[in-house]
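Participant: Turn these sequences into a full structure, and let the hints steer you where they fit.
2 protein chains.
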Amino acid sequence: MVQSKLTDSAPNEEMIIATQLAKGQREISVGEFFAKNRHLLGFDNKKKALLTVVKEAVDNSLDACEEARILPEIIVEIIDMGNERYRIIVEDNGPGIVKKQVPRIFAKLLYGSKFHKLRMSRGQQGIGISAAVMYGQLTTGRPAKILTKIHSSKPAYACELKIDTHKNEPEIGSDEEKEWNKEHGTRVEIDIEATYLKGSQSVDEYLKQTAITNPHATIIYTNPKAEQVIFARVANELPKLPTEIQPHLYGVELGVLMDMLKRTESRTLQAFLTSEFTRVGAGTAKQICENAALLQSMKPREITRELAEKLMEGVKKTRLIAPPTDCLSPIGAEQLESGLKKEVGAEFYCSTTRPPAIYRGYPFIIEAALAYGGQQSAEEQAHILRYANRVPLLYQQSACASFKSITQTAWRNYGISQPQNALPVGQLTIVLHIASVWVPFTSESKEAIAHYPEIIKEMKLALQDCGRKLAMYVHKKARIKDAQERANIFERYIPEVADSLAQLSGEKKENIQEALLKMLSKPEIQAQVAMPPEEDIYKLDTRQEEQDE
Amino acid sequence: MVQSKLTDSAPNEEMIIATQLAKGQREISVGEFFAKNRHLLGFDNKKKALLTVVKEAVDNSLDACEEARILPEIIVEIIDMGNERYRIIVEDNGPGIVKKQVPRIFAKLLYGSKFHKLRMSRGQQGIGISAAVMYGQLTTGRPAKILTKIHSSKPAYACELKIDTHKNEPEIGSDEEKEWNKEHGTRVEIDIEATYLKGSQSVDEYLKQTAITNPHATIIYTNPKAEQVIFARVANELPKLPTEIQPHLYGVELGVLMDMLKRTESRTLQAFLTSEFTRVGAGTAKQICENAALLQSMKPREITRELAEKLMEGVKKTRLIAPPTDCLSPIGAEQLESGLKKEVGAEFYCSTTRPPAIYRGYPFIIEAALAYGGQQSAEEQAHILRYANRVPLLYQQSACASFKSITQTAWRNYGISQPQNALPVGQLTIVLHIASVWVPFTSESKEAIAHYPEIIKEMKLALQDCGRKLAMYVHKKARIKDAQERANIFERYIPEVADSLAQLSGEKKENIQEALLKMLSKPEIQAQVAMPPEEDIYKLDTRQEEQDE
Numbered sequence: 144m145v146q147s148k149l150t151d152s153a154p155n156e157e158m159i160i161a162t163q164l165a166k167g168q169r170e171i172s173v174g175e176f177f178a179k180n181r182h183l184l185g186f187d188n189k190k191k192a193l194l195t196v197v198k199e200a201v202d203n204s205l206d207a208c209e210e211a212r213i214l215p216e217i218i219v220e221i222i223d224m225g226n227e228r229y230r231i232i233v234e235d236n237g238p239g240i241v242k243k244q245v246p247r248i249f250a251k252l253l254y255g256s257k258f259h260k261l262r263m264s265r266g267q268q269g270i271g272i273s274a275a276v277m278y279g280q281l282t283t284g285r286p287a288k289i290l291t292k293i294h295s296s297k298p299a300y301a302c303e304l305k306i307d308t309h310k311n312e313p314e315i316g317s318d319e320e321k322e323w324n325k326e327h328g329t330r331v332e333i334d335i336e337a338t339y340l341k342g343s344q345s346v347d348e349y350l351k352q353t354a355i356t357n358p359h360a361t362i363i364y365t366n367p368k369a370e371q372v373i374f375a376r377v378a379n380e381l382p383k384l385p386t387e388i389q390p391h392l393y394g395v396e397l398g399v400l401m402d403m404l405k406r407t408e409s410r411t412l413q414a415f416l417t418s419e420f421t422r423v424g425a426g427t428a429k430q431i432c433e434n435a436a437l438l439q440s441m442k443p444r445e446i447t448r449e450l451a452e453k454l455m456e457g458v459k460k461t462r463l464i465a466p467p468t469d470c471l472s473p474i475g476a477e478q479l480e481s482g483l484k485k486e487v488g489a490e491f492y493c494s495t496t497r498p499p500a501i502y503r504g505y506p507f508i509i510e511a512a513l514a515y516g517g518q519q520s521a522e523e524q525a526h527i528l529r530y531a532n533r534v535p536l537l538y539q540q541s542a543c544a545s546f547k548s549i550t551q552t553a554w555r556n557y558g559i560s561q562p563q564n565a566l567p568v569g570q571l572t573i574v575l576h577i578a579s580v581w582v583p584f585t586s587e588s589k590e591a592i593a594h595y596p597e598i599i600k601e602m603k604l605a606l607q608d609c610g611r612k613l614a615m616y617v618h619k620k621a622r623i624k625d626a627q628e629r630a631n632i633f634e635r636y637i638p639e640v641a642d643s644l645a646q647l648s649g650e651k652k653e654n655i656q657e658a659l660l661k662m663l664s665k666p667e668i669q670a671q672v673a674m675p676p677e678e679d680i681y682k683l684d685t686r687q688e689e690q691d692e
Numbered sequence: 144m145v146q147s148k149l150t151d152s153a154p155n156e157e158m159i160i161a162t163q164l165a166k167g168q169r170e171i172s173v174g175e176f177f178a179k180n181r182h183l184l185g186f187d188n189k190k191k192a193l194l195t196v197v198k199e200a201v202d203n204s205l206d207a208c209e210e211a212r213i214l215p216e217i218i219v220e221i222i223d224m225g226n227e228r229y230r231i232i233v234e235d236n237g238p239g240i241v242k243k244q245v246p247r248i249f250a251k252l253l254y255g256s257k258f259h260k261l262r263m264s265r266g267q268q269g270i271g272i273s274a275a276v277m278y279g280q281l282t283t284g285r286p287a288k289i290l291t292k293i294h295s296s297k298p299a300y301a302c303e304l305k306i307d308t309h310k311n312e313p314e315i316g317s318d319e320e321k322e323w324n325k326e327h328g329t330r331v332e333i334d335i336e337a338t339y340l341k342g343s344q345s346v347d348e349y350l351k352q353t354a355i356t357n358p359h360a361t362i363i364y365t366n367p368k369a370e371q372v373i374f375a376r377v378a379n380e381l382p383k384l385p386t387e388i389q390p391h392l393y394g395v396e397l398g399v400l401m402d403m404l405k406r407t408e409s410r411t412l413q414a415f416l417t418s419e420f421t422r423v424g425a426g427t428a429k430q431i432c433e434n435a436a437l438l439q440s441m442k443p444r445e446i447t448r449e450l451a452e453k454l455m456e457g458v459k460k461t462r463l464i465a466p467p468t469d470c471l472s473p474i475g476a477e478q479l480e481s482g483l484k485k486e487v488g489a490e491f492y493c494s495t496t497r498p499p500a501i502y503r504g505y506p507f508i509i510e511a512a513l514a515y516g517g518q519q520s521a522e523e524q525a526h527i528l529r530y531a532n533r534v535p536l537l538y539q540q541s542a543c544a545s546f547k548s549i550t551q552t553a554w555r556n557y558g559i560s561q562p563q564n565a566l567p568v569g570q571l572t573i574v575l576h577i578a579s580v581w582v583p584f585t586s587e588s589k590e591a592i593a594h595y596p597e598i599i600k601e602m603k604l605a606l607q608d609c610g611r612k613l614a615m616y617v618h619k620k621a622r623i624k625d626a627q628e629r630a631n632i633f634e635r636y637i638p639e640v641a642d643s644l645a646q647l648s649g650e651k652k653e654n655i656q657e658a659l660l661k662m663l664s665k666p667e668i669q670a671q672v673a674m675p676p677e678e679d680i681y682k683l684d685t686r687q688e689e690q691d692e
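Chains A and B are the protein sequences, given in the same order. Numbered by our numbering, the letters in the first sequence go through residues 144 to 692 in order. Numbered by our numbering, the letters in the second sequence go through residues 144 to 692 in order.
Bear in mind the hints are in silico, worked out from the structure with no lab data behind them. Some hints could be false.
Heads up, the list lumps identical chains together, so a pair's fine if it works in one copy or across two of them.
[Claimed, not checked] The calculated BS3-like cross-link candidates involving lysine-lysine, where the alpha carbons are at most 25 angstroms apart (straight line), are: (1) K612 to K665; (2) K460 to K189; (3) K190 to K619; (4) K341 to K190; (5) K179 to K547; (6) K179 to K661; (7) K190 to K179; (8) K341 to K600; (9) K612 to K600; (10) K297 to K166; (11) K341 to K547; (12) K459 to K179; (13) K243 to K325; (14) K547 to K619; (15) K179 to K310; (16) K189 to K351; (17) K166 to K260; (18) K310 to K166; (19) K652 to K442; (20) K190 to K243; (21) K484 to K612.
Facilitator: Below is the structure:
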C-alpha cells in the first residue's frame, strides 16, 4: 500500500505509517501469554514436564495439609498410557476444596491464596497447578479430573476442567456430587505428553528428596513401571506453622511505599508505620519520623514523592529490629545433616543455619550443609542439592543463585580443589536451602533462585561457615595421614638401622630391631614423629574469600 | 478459632477448614504479579537494571525503524543523578506513536503488536518497556516521560506516565502537544535506581555488540561520565523486512490445533488447513486428510478430540515442505564473521548458517561463528557471544541453550581442550545466533534461551559445522609447527655433522656446513623433513561427537 512520506505537507492520516502500526496493538491475555510461553512454566521438554506436574500437585497437597494441621499422606501414581502419554494422579488427605473455588484454583492462571500473604509456603504464585492443567490439555486435548471432599459428612465434588486460554477462565466439562470413601482430601488427575526416565532430575529423585526434607509426610509412589515405593513418615509432628507477617521496612522500594501510603486506611503516618510493617512499635515510628523530619501526625495522603523519599532516608537512619522468625520454618541444621546422612555415605558432615536476613522487605533464612569424603568420587565435581521452602530444585542448576554462590566461594581455602569459575572438585556434596516468605525464582517454573545480592551474600556466608568446619577436618585428616607416612618410613628403615647397629655393637640384630620397634611405639616418640616440619604446607589462599562479581 | 473436626457429624459450614481457606483465594493482577516478581523481568540487581532499560528502549527503536523502513539513528544518554539514580534517555528517528496508543504501550503490561504475529522482531511479548517504566516508578517514584511525533506536519505529543499495578492500566500524569524540531520519532526518559559499571555485561558492551549485528544503525551514546561514543552505520541498506507467516503444522500441539479448529472461520477442514498454516496447498491438504482418514469437506467444529488426534497422526505421515525463510532475517555467515573480526583479533575465523528448522510450529535459523588463536588467551575458557534476533544476550550465560549446546559439544575432536561438562579452554571465541518468529526465553527478561530439544540440536549441528573447519586449521597448524621443529633440529645439528664429516673427509668444515644448509633448503628435502612420523598423533576422540543429555 502507498504510504505517506513522513514529511509530506498534507498527509492522509490513514496513510501515516504510525497509524498503520497502531492497528496491530492489542491486549494479550494472561492465558495466551503462558500458553505460548509454556517454557516459562517448566514445560519446555517432556522429561521436565512430568516432574513439573507432579511437583505442583504434591507441593499443593503438602501446603494444604500443613495449613489444616493434618499429617500428610500423599499418593502419587503415574500410569504409562503409551505413545508418550502419561496419566498423573495425586491424591492427598488434606482439607479438600470448596466446590465454588475448584474451577478457578485448577483452571485459572494467577489465582490463589498465597500471593498476597507474606508467609512461607511452597506454592506462592497462583499459577502452578493451572499451568499443569493447561499443559495437559495443550498436549493431549484432555480435561483434568478433580475429586475433592471437605468433610466426612458431605458428598465429594467431582468435575472435569479445561482452561479457556483466551479469557483465562475455567471451562467445566461436567460436574457432579458423588460418594467417596475417603473422609476428606483432594485427588487430581491430569493426562500429559511426557517422557519418563529414572535417575537425576527425575520424578523419583524429586519424591525421594521431598521425603527427606518433609519427614512428617508419608508418600506412596507408583511409577510408570507399576513399581511401588513407600516413603513412610519418620516424624509424627508437623513442622511449626509459619505465621503471616507484614513487610519489613528494610529494603522496601520507594514506589511500594508510595503505593501503600496511597491505599492505607491509617489516618496518620505514625499509625501507618506501626500497623503496616512488622517490628515497628510506637517508639520506632517516632524515631523514623524524627530522622525523616516529618510529623507523626501527617496524613498518609499528604505525603508526596519528595516527602516519601525523606521518609525512606529516615528509615535508613533508624535502627530496626530484625523480623520475627516465626514467619519462617527452616529445616534446621540437625535435620539437614541427618537428611544428608541418609542421602550420602561420607566421613564428615557439618551444617549451619544463618540468622534471618531481608531482601526487599522480605525475610529469609539460608541453611547449608556439607558431606565430605567417604564413598564419594574424588574425580567428580561437587554434587549440589538445592532447596527452596523445603522443595527440591532439580533443574537449571547453573542458573541458580546457589550455584553462583558456590562457584564464587574459594574452596581451596578449605582444602578442596576448584578450577576457575567452576564447581569445586572432590568428594563433596553441598546442600543449600532458602526459606522465605517470598522466594524469588528466575522464572515462573520455580527451578532456580534469582540473583538478589542479599541472598547470594547470605549463601556465601553459610558456605563459609561450613567451609571452615570442613577445613579443620580436612587439615587434621591430612596431618594424621602425613604422620602415618612418616611413621611408616621409620618402620621401614628399622631393619637397616638394626643391621648397622648390630655390626657396630656386636649385638644380635633381632634384639636391636625389637628394641627399636618398642621405642617407636612409645607415645612420646609417636608424638615426635607426628610433628610436621616447620613449614606449614597448607598456606591459605591469599585471594580474598569472597571473589567480586 | 475453634474449627470443626473434619469428621464431626453435623459441622458448622463456616467452621470447616476448607471454608476458612477459601476466603483467602483471589485473583492476582498481572501488574501486581510482575511488580512483586521484578526479577523475572531483568531487574534483580542494579547493574543489570540499567542494561535492561536501555535494551528494551533500543530494541523497540530498532524494530520500529525497520518496520517503517527508516535507517535508524538512535541517541542513548545516561545521566548520573547521584545517589544511585540514573536518568536514561533513548531517542530515535522512527515513525513515532499515535497519541491514543502511547499510554498503553508504555504503561500497560501484556500490551503490544508483535505477540500475535509470527514474524521475527526483537520485542515480542508486550512487556519490556512497560516493565522498565514500572521499575523506574518502583525505585524512584517518578513517572516516565514520553515525547513522540508521527509526521513533520503534526505537533509532537508529550506525556508523563505511571502504571497502576493493581489494575494494570496507565496513569497519565500530564500531557500536552508541543513543538519538536525533529521530523518524526520517539523519545523515552526514565529515572531508575541502578549501578553503572563498564566492562562485560555493561550497557557499553551491549551497545557495542548491537552496533556489530546492526550495521545499518547509527547509535550515539553518552555514558554517565559524559563521554560520547558514536557507532556510525557502515551499511546504507536496511535488512530485508521479514514477512509475517502462519504457523507450520510440524510441531503444533494437539491442544493448539483443537483451539484453532474451534475458532476458525473456515467452513471445511481443507480450507482450514490451507488458510491457517504455511506451506499447505490444496495438494498437501488432500494428502493430510487421506493420511488421517478424514473427509476434506468436514466442518471444523465437527472435529472432536479423537478426530483431532487422527488429524495430527495424518500430519505426521505427510511430507511437509519447510517453511518459507522470508519470515526470518538471519545475520548472514559473512556478516557474522566480519562482525567477529571487529571484535576479536584472531588468526582463523569461520562461520555457518544452518537451514531453517522448526520447533512447535515456529521456524528458526541458527548461525554460528568461531574465532581461533591470535591475541586470545590460551589459559582462559572460550569466550561466548550470544544473540537472539540480532539482540546481544549478556546475562545468564549458563542458563542459556547456547551454553548447554557448547558444553555438550566434544571440542577435543577439533583440537581444543575441554574439561568435563564445561566450556572448552583455549584461544577461542564462539558466536551463536538464533533468528526466529518466536524466540523462547527462560524468563520474561529475555536473557537466556529456553532448552527446547530442537533448538539445542540445531545449535550443536552449527557448532560441529564450524568445529570441523576449525579442526582442519588446528591440525594443519600443528603439522606445520612440528615440521618447523624438525627442521630446526636438523639445522641445529648441522655444525656437528659438518665437523665430523670434515674430520672424516679432510674437507673444510665451513664448506661442508654451507653445502648441508643449501641441501636442507631444497624443496624436496623440506618436504621430507616436514613428513610426520607414521603414527598419527592426533587421534580423534573416540566418544561420540554428540554427548547424551
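Participant: Failing hints, ascending?
Facilitator: 1, 3, 6, 14, 19, 20
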